[in-house]
Structure formats: C-alpha cells, structure tokens
Amino acid sequence: MKALRKFLDKQKPHFEKGGKFEKLHSTFDSVETLLFVPDKVTFAGSHIRDAIDMKRTMIVVFISLVPALLFGMWNIGNLHFLSIGHPADLWTSFFYGFLKMLPLLIVSYAVGLGIEIIFAQIKGHEVNEGFFVSGLLIPMIIPPETPLWQVAVAVAFAVIFGKEVFGGTGMNIVNPALTARAFLFFAYPGDMSGDKVWIAEKLDGYSGATPLGDALVGNFDNLPSPYDMFMGFIPGSNGETSVLMILIGAVILLVTGVGNWRIMLSVFAGGIVMALLFNLWGANEYMELPAYYHLLMGGFAFGAVFMATDPVTATQTTRGMYIYGFLIGVIAILIRVFNPAYPEGVMLAILLMNVFAPLIDHYVIESNINKRLKRMKTLVTNS
Amino acid sequence: MSTSYLIKKGLDIKLLGDSEKTIVEYAAKRFAIKPTDFLGVFPKMMVAEGEVVKAGQPLFYDKNRSKIIFTSPVSGTVESIKRGAKRKLLEVIIKANDTQDTVAFDVPKSGELTREVIIEQLLASGLWPMIRQRPYSVIANPAEKPKTIIIPAFDSAPLAPDYDLIVHGHGDEFQAGLDVIKKLTDGIVHLNVHATLTTSKVFLNSKQVQVNTFSGPHPVGNVSVQLSKLNPMNKGDIVWYLYPQDVLSIGRFFMTGKPDFKRVVALAGSEVLKPVYYKTAVGACIDGLIKGNVSKGENRYISGNVLTGEKIEADGFLGFYDSLITVIPEGNYAEFFGWLLPGLKKFSFSKTFLSWMFPNRKYRLDTNLHGGHRSLVMTGKYEQVFPFDIYPMALLKAIMIEDIDAMENLGIYEIDAEDFALCEVIDTSKTEMQSIVRKGLELMRQEMS
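As given, the protein sequences belong to chains A and B, one line each in that order. Heads up: the first sequence at position 39 corresponds to 39 in the working numbering, and the numbers run straight through without jumps. Heads up: the second sequence at position 207 corresponds to 207 in the working numbering, and the numbers run straight through without jumps.
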C-alpha cells in the first residue's frame, strides 16, 4: 500500500502539465483517485467535510444492482437450458449467463469510460463517476444477445449525445442508460423486441416471449404466474426480470439514503392507479389484467427503482418528485396498454418525464417565489 | 411575551474536545484587528507602525462610510501593519503594554441617552462594528433604523461556547447593554434562548427585550433561522444583530465611559489537551493558548467554529466576532480505497458508511475534503439540513449565474453564507457553497447600493 503510494507519487509528475504523458493526465488521475481518496484538504468554507463523495455514492448504487445482475446471469443460463430441453444445475446456468453478460459489460465499460476519459482530458476536469453506474445499467436492460457492435454504438451515442454535449455528469437532461436503450430500440428494432431475442441460443420451437410480448398480442393465457414474475423466472433483459432482486436493491438504496423514496413510491403509485383505472374501464382484455400484474411485468420495477431515481435527470424539488414519479407510473402503463407498437412503456415514460422534470421544478419553485412576493405585498398594503 | 419555536431540519455534528466550563485568565502579548473580518469595509489607516495607542484609540476607518472607525482593543504599540496581495490590509498588530491606558469618553447618564448620542458614542469608541445588519452581514449603517434587533443568546454550532457561562455574574452589565440597544430601534429587541440549554437568569430575566425560546439541531442558533421564524425578511428590510459578549461590551462602556473589548473565548477541539475558557480581549494572539496545549502533528487552527470559522496560523489572532478557537487535525493524507471501506469510524450525514449505526459517537474529524470536486449531482439532501422555506439548489444556481432577479426572488435576503455551511459539509460534490453565497450577497449589496 505504501509502496503503491510511493510508486504513484513517483509517476505523478510525468502526467502533470509538461510531463511526457501529459495527454494521459485524466487516465492517471482516475486510477489514482480510485486507489486513494485524495489528500486534498479544505481551504475555504467548512473545515470539516462529510466522508461521502461521488465514488461512495456510485458504489452504493452499484452494489444495489448486484443482486439483480447475478440473478439475471443465472436466469439467462437457466432459460437457455430449459429452451433446449436440457435443464442444468445452478452453477452451470449461472456460468452460461455470466459468459453471455461479460462481453456486454466489457464493451459497455470500455467504450463509455474511454469516451469519459477523453472528454475529461479535453475539458481539464476529473473523470466523473456517473458512468460507473450507467456502464452497468446498459447491459442489464438490453437483450442478452445484443450484438456487441450495437452496444458499442449505443453507449457512444448515449455518453456523447446524452451526456457530454450538455457538459457531463450532473448537466445531462435525459438518463444516459435509457438513452442507450432507446437508441438501440429505435435503431435496431429487430434485435430489440419480439419473441426471439430474450432467450440466448434457444431452439426455434420454444416460445421466448416476455409477458409483455404475450400481453401485446393478446396471449393472456400464456402469461406466467405472478409468483414466477415476482421471482423473475421469465424471459427479459438481464436486470429487469426479478422483482425480488430489484426490491433488495431498493432496500439498499433507501437505507443508505442514496435513492429517493419519494420518487420510487410515486412511480409505483402512479402505475397502480393507472392500472386500476383501466380495470374499472375494462374495454379489452389488457385493461382487465389485474393491476398488480403491471408492477411485476417488464421493466416497471427496475425503472422505478434504478432509472426514475437518477438524481440528475429527475425533479429536484420535493413536491416535484411526487408529481414526476406519479406521471412516470401513469404514462408507462398508458403506453403499455394503448400503444400497439411498443410492448414496454417504462423507458419512454421515464425519458419523457426526464424532459419535463425541469418544467415541473420550475412551477414548484415559482410557487415558492409567489409566496415570497405575496408576503411582501401584504406587508406593503398593511403599512 | 415569550414564544417558542422548534426547528426540525438540521444536523448536530458531534465532535470531541468540548471546553471544560472553567474560565482562566489569559494575558496575550499581541493583539490584532483584521480588516478582513469586516465585510465590505475598505480600510484607511489612521496610525503608523511604531505609534503608541491607547485602548479605544482609532486604528483605521472605512473609506466607504468614514464614520465607522476601528479602535485598538488594548493599549500598546502598533507593531506592524500587515498587507497582502495588491497591498490589501490584512492585520493591524498591536504589541500590548502593561499600562492599560484607555481613552475615556464622556458618556451621559442613562436617563439622558438618546438614540443619536448612543450611536455617536458607539461610533467614536469603535464598538459600533459589533452591530451588524441583515441582509449581507455587514456592519450596521448608523443612518438607518432597523425593523428589529436580534440577539442569539446561544450558539448551536459544533463545540460552540456556552454563553450562559460567559455572562454568568455579569447581569447588570448585560442589562445595561440591553437598555442601550433597545433605544436603537422602534421595533422589538429579540433575545433568543435555547429551550433546554439556556438556564442563566441573566438571559431569562432580561428586561426591555422579548425572550424567545428555540430548540432543535444546528443551525437553530443562526440569526437567519431565528429571523425566519420571528420576522421573515422582505426586500428592503433591515435587521440588526449582535451577540451576548457585544451586549456586555456596550453595557460596560455606558457604565464606565471606557470602551470595553473584553472577550471570553472557548478553546476547543480534539487536538486541545486542556480545553477551557479564557478571559482575554478582542483580537488576542492565540500563541500563548496553544503552546504546550495541543497534540503534536499538523493542526488546523480556526478562529470560530469548524463550519464557518477562519483558518489562522498557530500565532494568528482571534477574529473580531469570534468567541471560539477550534483546533482539529489537518487531513492531508491519501487514504487507500477510502471510498470502498465499510467506514465504521467515518462521519457522514448519509447512511452510506456503517458509522450510522452509532449515532452517539463523537468524532475526531480532520480537514480532509474526502473526495474531489464534481458537478452538483445528488438532490434532496441539502433540504434536510436547511431549515428555510427556500430551495437551496435553485438559489445556489441563481447565484452561480449571477441572476440578480432570481436571487432576490429565491430569497437571498433571508440567508447568509453560514446557513449553507451544513449543506457544504454534507455535499457529495464538494462544492464551496459558502464562498458562492458570500459572492452572491456581495453582488446584491453592490447592485442595491
């Protein structure tokens, strides 16, 4: 540890301005700060600071994603072996899924971090930790057999046009991981939807439709049991299938205070309210689907817990969070049930509300301003 | 009439090294008045190096408001006039002598004191700068009449001095001070005490004032928090404020005719071996206090508390407005995988470190920044330690882009830089919020004048 510190200190001058590896400063810096929390001290303002930093925040989100990631790996393998008619044991299934996910993860991180480091170098700031989470999220929300080149293109698009053009982490308007997902969805729809893509290397005869896919075409008899959907023994993207694992992640986020409970709660509330309204209406079979099914199917839980709560793209005011979350829930179910082209509405609902989040905040803050002006006015009229 | 107010949002940071409740005499050899303590003051020297001065004799005045003068807290010789970059005046250092000569003022009897006379005397004696105003936290303008005057009688900051102890036995002087201050406003003088921590009769039995009771976590002791409950600031409002020791100084001055700059200062912090209170005067050099009284290793000396205080050297001077010297360790070390460890002993407002399981732990915190600067990412956290009906993020951003209208609309008149101290502490992105707010207030002040 000390030797490592010494080594870093010795190499550091080469990466500073004027050193021979000046162009790799951001790369060196990101590695150095990864290994050691910097020795910087306070110079203005408060002399003491909270131990939390962006890395700590992001590692908590990362950890909260791990249960869903690991389960998803097993599920990929399990479904594959089921589809070919040779069920395998836990470790064989897991290892199969692991090997399917690994290239996706490597490509996602390599492309995303590479671009981040280049931008940090050009702009002269430290590498932001945002992609630490985005890089994991992207492979978790796409079909397991997405071609790697498509992943690379989508990640590059998301990082450059979803984030860096706005000024990097903290400045972006829409969620980068969902931007990548949306890019893939609209650019390569054939590889992103239908009943072929959700189970890796399956036999053609085996049905690989997700519950949402079945629901879209009216195949309601084919829907798995609520238990299977809750546990996640269903086809789908790696991270989204198991509501149980997502809830474990949600507990981690909520206990540590990293995730916002207001947003999570209101997304679920919005979803269930909309689904119940459809139940009342009951114009077709999809509308009559029990409301709680909607919370178990597709990416609803995953979106509510990990996507809608992204603090950068969500609303920032307390009252705004309730409105934002609720509308995501409502719109997600609305798209699911009404739109014939898109089986899943969560992605679009969150992206749409990302765009509207500043507007919601604007009106919430405006009401605060009006309150202040009104107080002033009563004072003037009274005196 | 007394009312009590409860503040719910905030954070008490528990630090090691609270001062023992005993007061020790401390005769400092050198004193300094630091023009940098006075926001917006443009100092013009009135004495030269080597000149002999009495306590209460003018040292410099404010070029912008020439009636406001700053006087020597002790009698002695002007040892040096320290200047920084661009000849900015930093410190006027007085070497104390033993004679204790004080300029005598002809103070009228209390019955004959009018507002004009009081202001004139306070200005001439150099006690006037003790009275500051909101908004902007600059020295009060003697030509204005404040809507109300606020005196916080307790300090809620980490390791804060106990004013109960400081005023103990000085009831007459305190009341004399209040009598004078009451004449400065047509409105109410608010004396704000803590619901449980304030027990001193000096405060609780004060006359001429309205005693209000406050409780809750820090920043409940801040002027802006109390003001937001008592009398929300509107555009154009002027409120004056001062602290118990200033009231004592003013009281003594009008009782004796001699300008009084006595201060009781708490020495606190994890690195102090014997933390006690010291009786000295405004601007005392701290070298005698800390010599042999702090642990070895690199330390940070702070005039004031760890949230809002000023960094000073080991032979630096107590700030004009401060009643506390805090000593904590410097944190210039690199921590191996510090962001990944469970963090049983790390202080954090968040629950991302396991230390949250020990809510009563007292911490030995150092000055490490614990991370690098980032854009503002986390939301919804600042509000938990910011007990105002103000959106802190929106206000900060308005200040960053220097949008005067937005700043005004979002409530900049109602706050001070110190109110953002806790937001700054818990901030994931390590943004220097107090500096930003200070700049914003300064911009507003210039825009409005």
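Since the hints were derived computationally from the structure, they do not count as laboratory data. Possibly wrong hints are sitting among the right ones.
To be verified - Computed spacing ranges between beta-carbons, pair by pair:
| # | chain 1 | residue 1 | chain 2 | residue 2 | range |
| --- | --- | --- | --- | --- | --- |
| 1 | B | Asp-106 | A | Ala-44 | 19 to 29 Å |
| 2 | A | Asn-284 | B | Ile-404 | 49 to 59 Å |
| 3 | B | Ile-404 | A | Ala-3 | 52 to 62 Å |
| 4 | A | Lys-23 | B | Glu-442 | 52 to 62 Å |
| 5 | A | Gly-18 | B | Asn-231 | 21 to 31 Å |
| 6 | A | Leu-247 | B | Gln-210 | 25 to 35 Å |
| 7 | A | Lys-17 | B | Glu-442 | 30 to 40 Å |
| 8 | A | Phe-7 | B | Ser-449 | 36 to 46 Å |
Stated by the list, open to error - Derived lysine to aspartate or glutamate pairs resembling EDC-like cross-links, with alpha carbons at most 20 Å apart:
| # | chain 1 | residue 1 | chain 2 | residue 2 |
| --- | --- | --- | --- | --- |
| 9 | B | Lys-311 | B | Glu-49 |
| 10 | B | Lys-88 | B | Glu-116 |
| 11 | A | Lys-377 | B | Asp-37 |
| 12 | A | Lys-10 | B | Glu-298 |
| 13 | A | Lys-374 | B | Asp-389 |
| 14 | A | Lys-123 | A | Asp-9 |
| 15 | A | Lys-23 | A | Asp-39 |
| 16 | B | Lys-311 | A | Asp-39 |
| 17 | A | Lys-40 | B | Glu-310 |
| 18 | B | Lys-183 | B | Glu-116 |
| 19 | B | Lys-291 | B | Glu-116 |
| 20 | A | Lys-371 | B | Asp-18 |
| 21 | A | Lys-371 | B | Glu-298 |
| 22 | B | Lys-311 | B | Glu-335 |
| 23 | A | Lys-377 | B | Glu-298 |
| 24 | A | Lys-374 | B | Asp-405 |
| 25 | A | Lys-40 | B | Asp-389 |
| 26 | A | Lys-374 | B | Glu-408 |
| 27 | B | Lys-296 | B | Asp-237 |
| 28 | A | Lys-40 | B | Asp-405 |
| 29 | A | Lys-371 | B | Asp-186 |
| 30 | B | Lys-362 | B | Glu-20 |
| 31 | A | Lys-6 | B | Glu-335 |
| 32 | A | Lys-12 | B | Asp-389 |
| 33 | A | Lys-371 | B | Asp-405 |
Keep in mind it's a predicted model, so treat the numbers as computed, not measured. Glycine residues also receive a C-beta, built at the ideal position from the N, C-alpha and C atoms.
Results of checking the hints against the structure:
no.: 1; hint: B/Asp-106 to A/Ala-44: 19 to 29 Å; verdict: violated (44 Å)
no.: 2; hint: A/Asn-284 to B/Ile-404: 49 to 59 Å; verdict: holds (56 Å)
no.: 3; hint: B/Ile-404 to A/Ala-3: 52 to 62 Å; verdict: holds (54 Å)
no.: 4; hint: A/Lys-23 to B/Glu-442: 52 to 62 Å; verdict: violated (39 Å)
no.: 5; hint: A/Gly-18 to B/Asn-231: 21 to 31 Å; verdict: violated (57 Å)
no.: 6; hint: A/Leu-247 to B/Gln-210: 25 to 35 Å; verdict: violated (53 Å)
no.: 7; hint: A/Lys-17 to B/Glu-442: 30 to 40 Å; verdict: holds (32 Å)
no.: 8; hint: A/Phe-7 to B/Ser-449: 36 to 46 Å; verdict: violated (56 Å)
no.: 9; hint: B/Lys-311 to B/Glu-49; verdict: violated (25 Å)
no.: 10; hint: B/Lys-88 to B/Glu-116; verdict: violated (33 Å)
no.: 11; hint: A/Lys-377 to B/Asp-37; verdict: violated (36 Å)
no.: 12; hint: A/Lys-10 to B/Glu-298; verdict: violated (24 Å)
no.: 13; hint: A/Lys-374 to B/Asp-389; verdict: holds (14 Å)
no.: 14; hint: A/Lys-123 to A/Asp-9; verdict: violated (24 Å)
no.: 15; hint: A/Lys-23 to A/Asp-39; verdict: violated (23 Å)
no.: 16; hint: B/Lys-311 to A/Asp-39; verdict: holds (18 Å)
no.: 17; hint: A/Lys-40 to B/Glu-310; verdict: holds (18 Å)
no.: 18; hint: B/Lys-183 to B/Glu-116; verdict: holds (9 Å)
no.: 19; hint: B/Lys-291 to B/Glu-116; verdict: violated (45 Å)
no.: 20; hint: A/Lys-371 to B/Asp-18; verdict: violated (41 Å)
no.: 21; hint: A/Lys-371 to B/Glu-298; verdict: violated (49 Å)
no.: 22; hint: B/Lys-311 to B/Glu-335; verdict: violated (24 Å)
no.: 23; hint: A/Lys-377 to B/Glu-298; verdict: violated (54 Å)
no.: 24; hint: A/Lys-374 to B/Asp-405; verdict: holds (16 Å)
no.: 25; hint: A/Lys-40 to B/Asp-389; verdict: violated (34 Å)
no.: 26; hint: A/Lys-374 to B/Glu-408; verdict: holds (14 Å)
no.: 27; hint: B/Lys-296 to B/Asp-237; verdict: violated (49 Å)
no.: 28; hint: A/Lys-40 to B/Asp-405; verdict: violated (36 Å)
no.: 29; hint: A/Lys-371 to B/Asp-186; verdict: violated (27 Å)
no.: 30; hint: B/Lys-362 to B/Glu-20; verdict: holds (16 Å)
no.: 31; hint: A/Lys-6 to B/Glu-335; verdict: holds (13 Å)
no.: 32; hint: A/Lys-12 to B/Asp-389; verdict: violated (47 Å)
no.: 33; hint: A/Lys-371 to B/Asp-405; verdict: holds (16 Å)
Comparing the model with each numbered hint stated earlier shows that hints 1, 4, 5, 6, 8, 9, 10, 11, 12, 14, 15, 19, 20, 21, 22, 23, 25, 27, 28, 29 and 32 do not hold.
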